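Undergrad: Chain residues, written in single-letter form:
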Amino acid sequence: MSLIDYFPGDSSIHKLDPRVKVVALLIITVSIFIISNFFVIAAFFLACLAFWRVSGLPFKKIKVFLKFLLSLFTFLTLMQALFLPGEHYLLNPLIPKSVPLIGGLGRISLDGIVYGLLLSLRLLTLVLFMPLVTMTTEINTLALGLVKMGLSYKIAYMTTTAINIIPTFQNETQVIMDAQKMRGLTVFEKGRMLDKFKAYPALVVPLVIGAMRRAQLMGVAMDARAFGAAKTKTFINDISIGFLDLVALVAVLVFCGIGLAFNFIL
Amino acid sequence: MAEIIIKIENLSYRYPRTKKWVLKDINLEIKQGEFLAVMGENGAGKTTFCQCINGVIPHSQRGKMKGRVIVAGINTVESSVSRLAQQVGMVLEDPETQLFTTRVRDEVAFGPENLNMPVPEILERVSWALKDVRLEQHADRQPTALSGGQKQRLAIAAAIAMKPKILVLDEPTSQLDPVGTEEVFTVIKALKDEYGMTVIIATHKSEEIAKFADRILVLKEGQVQALASPQEIFSNTKLLKENWIRSPQVSELATYLAEQGCPLSSFPILPQEAIRLLTHWYEEAET
Chain A
1 MSLIDYFPGD SSIHKLDPRV KVVALLIITV SIFIISNFFV IAAFFLACLA FWRVSGLPFK
61 KIKVFLKFLL SLFTFLTLMQ ALFLPGEHYL LNPLIPKSVP LIGGLGRISL DGIVYGLLLS
121 LRLLTLVLFM PLVTMTTEIN TLALGLVKMG LSYKIAYMTT TAINIIPTFQ NETQVIMDAQ
181 KMRGLTVFEK GRMLDKFKAY PALVVPLVIG AMRRAQLMGV AMDARAFGAA KTKTFINDIS
241 IGFLDLVALV AVLVFCGIGL AFNFIL
Chain B
1 MAEIIIKIEN LSYRYPRTKK WVLKDINLEI KQGEFLAVMG ENGAGKTTFC QCINGVIPHS
61 QRGKMKGRVI VAGINTVESS VSRLAQQVGM VLEDPETQLF TTRVRDEVAF GPENLNMPVP
121 EILERVSWAL KDVRLEQHAD RQPTALSGGQ KQRLAIAAAI AMKPKILVLD EPTSQLDPVG
181 TEEVFTVIKA LKDEYGMTVI IATHKSEEIA KFADRILVLK EGQVQALASP QEIFSNTKLL
241 KENWIRSPQV SELATYLAEQ GCPLSSFPIL PQEAIRLLTH WYEEAET
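Here the protein sequences line up with chains A and B, keeping their order.
Read in order, the letters of the first sequence are residues 1 to 266 in the numbering used here.
Read in order, the letters of the second sequence are residues 1 to 287 in the numbering used here.
Please note that the accuracy of each hint is not assured.
[To be verified] Cβ pair distances, simulated, as ranges:
id : chain 1 : residue 1 : chain 2 : residue 2 : range
1  : B       : Glu-252   : A       : Lys-181   : 38 to 48 Å
2  : B       : Gly-67    : A       : Val-205   : 49 to 59 Å
3  : A       : Asn-171   : B       : Lys-238   : 41 to 51 Å
4  : A       : Met-149   : B       : Thr-144   : 38 to 48 Å
These are calculated hints, taken from the structure and not from any lab test.
Source: prediction; values computed, not measured.
Idealized CB from N, CA, C, for every residue including glycine.
Full structure from sequences and hints, please.
TA: As structure tokens, then:
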């Protein structure tokens, strides 16, 4: 259950050059942030689903995460519906506008719902694009891609290691939660919100201490294998940008270009 | 007479922000090709001792260090961890934290890559190292998918790919089952026999130590309690008790027999010796 764990595969997305993937993701992310038209975002969303299909990544892996997002989106849309001022109302304001401060509240605005849905879809699309890079690229290849894009290899490794360690943290969180449950800590399952907050140190303290210990050991292990000994580092896996990589990059550019154009015309 | 490869002189060390010396005035010489086991209860300073040899102390781990550690003619204080890494390979206790790539082959290549070696040479070293630890069929698998014993063997491969003269292993089998333990020790022994590699291993596994080690160093609260052959250490009941070291089962049997007033003619530490001595003992009892 992770957005980041490398998922081995043989798809054309797996085979793309990591540089192309990173650049494409950047372009797409920026486009999605600029675009505010619902239909264009929907087109991006559909394209994203198509990419998922091609990549062969299983949706199952992120099911829990999607569930969490769904509750977030519901909340987001609800807030917009209740508080965003608009022209069309499903339910007219209960409190007249003339009342100071809370005037105009107690309504359900149609514009708010549409805006909430747009925000949600935009977020969802953004979130779904990321695994298409992180889950289809091996960590070493990603590091190599970053190095070839001009990053120093130490920084590249810092980045990729940080990404790579997130799944480990997720596992560790689960282990700690289970351990605390076995000692009779039930708040995470059925406690009230306030009790949950109070109980968080029982989870966070061991997690942070464990993380620090782990980071230190990892540093020792990397040092012991001469990390940082030479100014440059060789990589046994070479990458090169081929014809297909260029095609993919151009396709992404064209798609985003059309999307942006439509966004401003419509 | 083999040459001295590690020379430790008056070594003391304490961790930052603590007052207690974890290592106290250690003097030791280790010969090229020697198999040295470091034993002692938890907190005796075994890990700290191991980290002093490959320069993690004092380079990555701050704190106060006194004395000198000379490894293959290099003073660890004046060198760097990455330079020492070509002399000393290190294997840690936890199989997880020391593996950080997504492919067995890349894991082994990581060290030589850092030395900026040409690719063909790295590939040659990778296949050689994987063969030595008998993981050549697993080159394309993910390290996380390996068993505990395989993971530790991979860590060994990653260390020897740098062609070090010395291999330091810090409790490499404490999280492994008997099969994994056996695998790891067999590989270490083969490396020592084939390349004359000097091996320093911190461990609690008495049976394996009895079988493989040339000498045992017993640490207690950072001080050298004893430095002798396995035979001498395992027959010293008082020393073992004081340091919470369990002797091999056959030695325990011999100690028990001696306590019951029927001592064996000599003190066994290996099953074969024990069988020989016991057979002899029975034959004598019959006549």
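Undergrad: Indicate, hint by hint, whether the structure satisfies it.
TA: These are the hints, each one checked on the structure:
Range check, Glu-252 (chain B) to Lys-181 (chain A): Cβ separation about 40 Å, and the 38 to 48 Å hint holds. Checked against the hint of 49 to 59 Å, the C-beta distance between Gly-67 (chain B) and Val-205 (chain A) comes to roughly 37 Å, which is inconsistent with it. Distance hint for Asn-171 (chain A) and Lys-238 (chain B): a CB-CB separation of about 45 Å, consistent with the stated range 41 to 51 Å. The given range of 38 to 48 Å is broken by Met-149 (chain A) and Thr-144 (chain B), whose C-beta atoms sit roughly 27 Å from each other.
When held up to the earlier numbered hints, the structure conflicts with 2 and 4 and fits the remainder.
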